[in-house]
Amino acid sequence: EPEVTQTPSHQVTQMGQEVILRCVPISNHLYFYWYRQILGQKVEFLVSFYNNEISEKSEIFDDQFSVERPDGSNFTLKIRSTKLEDSAMYFCASSVGGRGYTFGSGTRLTVV
Amino acid sequence: GESVGLHLPTLSVQEGDNSIINCAYSNSASDYFIWYKQESGKGPQFIIDIRSNMDKRQGQRVTVLLNKTVKHLSLQIAATQPGDSAVYFCAEKREGAQKLVFGQGTRLTINP
Chain A
1 EPEVTQTPSH
11 QVTQMGQEVI
21 LRCVPISNHL
31 YFYWYRQILG
41 QKVEFLVSFY
51 NNEISEKSEI
61 FDDQFSVERP
71 DGSNFTLKIR
81 STKLEDSAMY
91 FCASSVGGRG
101 YTFGSGTRLT
111 VV
Chain B
1 GESVGLHLPT
11 LSVQEGDNSI
21 INCAYSNSAS
31 DYFIWYKQES
41 GKGPQFIIDI
51 RSNMDKRQGQ
61 RVTVLLNKTV
71 KHLSLQIAAT
81 QPGDSAVYFC
91 AEKREGAQKL
101 VFGQGTRLTI
111 NP
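Sequence lines, in order, name chains A and B.
Here my numbering is used: the first residue of the first sequence is 1, the next is one more, and so on.
Here my numbering is used: the first residue of the second sequence is 1, the next is one more, and so on.
Bound conformation, chain B alone:
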């Protein structure tokens, strides 16, 4: 399953399938990007990050892809599990700044 930023805020996938969550960021001067997972009533939980000098980074079951040409970021989750159900936010940091600017978020739901 795949989402496209603000136009598809909810993504439903079958358990065991791969999920792809997309994010269009706004600032070409951003040099650092983070994906966060937020479960209901909790704070954003770090998943994976990537710097602008890279285009791909892999973690455990997750991969982040960065396309600076079109200012696009994606999060791939392999073999999606029920525990992956949450809202996923991308966040960007502009070079020289410290604050994070968050995207709108995508709700990922897992069908058994």
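Bound conformation, chain A alone:
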């Protein structure tokens, strides 16, 4: 069964530091996403990426966030200057158009 792989599984960072969360989507998928889940809450959409550009983003995805597909396999989420409220589980997902949405196991980001 194809998987979406995320690294690291847990990242602890100091407030104000930059973090990069990494994902390897499923190889034949065309759409890539980042979602986040604050502890005990629902999963929230951050951004979708298609054809090497952002196709949609939420109001959470402000100037502190950026995404990149630096090569043919990786998809990254960068947070430039982390805040305490950025602490959450971050999930990468990929899909084949409007179906086949598959999520990774997540990166737990803790900002201290």
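These aren't lab readings, by the way, just hints derived from the structure by calculation.
We put the CB at the ideal spot given by N, CA and C, even for glycine.
Mixed in with the good hints there might be a few duds.
What the hints assert, rightly or not - List time: in silico DSBU-like cross-link candidates among lysine-lysine, alpha-carbon distance up to 35 Å: (1) A:Lys-42 with A:Lys-57; (2) B:Lys-71 with B:Lys-42; (3) A:Lys-42 with B:Lys-71; (4) B:Lys-68 with A:Lys-42; (5) A:Lys-42 with A:Lys-78; (6) A:Lys-83 with A:Lys-57; (7) B:Lys-42 with A:Lys-78; (8) A:Lys-57 with B:Lys-42; (9) A:Lys-83 with B:Lys-42; (10) B:Lys-42 with B:Lys-68; (11) A:Lys-83 with A:Lys-42; (12) B:Lys-71 with B:Lys-56; (13) A:Lys-57 with B:Lys-56; (14) B:Lys-68 with A:Lys-57; (15) B:Lys-68 with B:Lys-56; (16) A:Lys-42 with B:Lys-42; (17) B:Lys-71 with A:Lys-57; (18) A:Lys-57 with A:Lys-78; (19) A:Lys-42 with B:Lys-56; (20) B:Lys-42 with B:Lys-56.
Stated by the list, open to error - To spell it out: a stretch of chain B is covered by chain A in this simulated footprint if at least three of its residues, at any positions, have a beta carbon under 8 Å from a beta carbon of chain A; those stretches are: (21) 43–55; (22) 90–98; (23) 101–108.
Starting from the known structure of chain A, fit chain B onto it as the hints suggest.
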């Protein structure tokens, strides 16, 4: 046992009983719906999906029902097992969009 969206976030059922988890979705333009299972510390795991041109779809031990008239989605799990303990989320996708919008989630616990 049966739950009703945000008003009953926890559902407890006896092992072997059937479970019904409900979800009220928000957007009448949504054309695709997915149920996810999330175990503690893990990412959402696909269970079953349904398109808006259907009102019922069955999988292994699971059935999804869609009522577009009242914008209601339900997940039925037959013969609930201890391994079914998790939080269950419904997610909807609006026609023409790619992002998923998640519901609040229902925690299913199994009593022996």
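Quick rundown of the hints versus the structure:
1. A:Lys-42 with A:Lys-57: Given pair A:Lys-42, A:Lys-57 holds - Cα atoms ~17 Å apart, limit 35 Å.
2. B:Lys-71 with B:Lys-42: Given pair B:Lys-71, B:Lys-42 holds - Cα atoms ~28 Å apart, limit 35 Å.
3. A:Lys-42 with B:Lys-71: Cα-Cα ~19 Å, so holds.
4. B:Lys-68 with A:Lys-42: Holds: B:Lys-68 and A:Lys-42 sit about 23 Å apart, inside 35 Å.
5. A:Lys-42 with A:Lys-78: Distance ~22 Å between A:Lys-42 and A:Lys-78 Cα, so the pair holds.
6. A:Lys-83 with A:Lys-57: Given that 35 Å is the threshold and the Cα spacing comes to 19 Å, the pair holds.
7. B:Lys-42 with A:Lys-78: Distance of about 21 Å is within 35 Å: holds.
8. A:Lys-57 with B:Lys-42: Roughly 24 Å separates the two Cα atoms, so the pair holds.
9. A:Lys-83 with B:Lys-42: holds (23 Å)
10. B:Lys-42 with B:Lys-68: This hinted pair holds, its Cα atoms lying about 31 Å apart.
11. A:Lys-83 with A:Lys-42: holds (20 Å)
12. B:Lys-71 with B:Lys-56: holds (14 Å)
13. A:Lys-57 with B:Lys-56: Distance ~32 Å between A:Lys-57 and B:Lys-56 Cα, so the pair holds.
14. B:Lys-68 with A:Lys-57: holds (27 Å)
15. B:Lys-68 with B:Lys-56: holds (11 Å)
16. A:Lys-42 with B:Lys-42: holds (13 Å)
17. B:Lys-71 with A:Lys-57: With a Cα-Cα distance of about 25 Å, the restraint between B:Lys-71 and A:Lys-57 holds, given a limit of 35 Å.
18. A:Lys-57 with A:Lys-78: holds (14 Å)
19. A:Lys-42 with B:Lys-56: holds (25 Å)
20. B:Lys-42 with B:Lys-56: holds (28 Å)
21. 43–55: Our answer is that it holds, as 5 residues pass the Cβ test (under 8 Å) against chain A, meeting three.
22. 90–98: holds (count 4)
23. 101–108: Since three or more residues must qualify, the claim that chain A covers the stretch 101–108 of chain B holds, with 5 doing so at under 8 Å.
Hint check: no violations occur; every hint is consistent with the structure.
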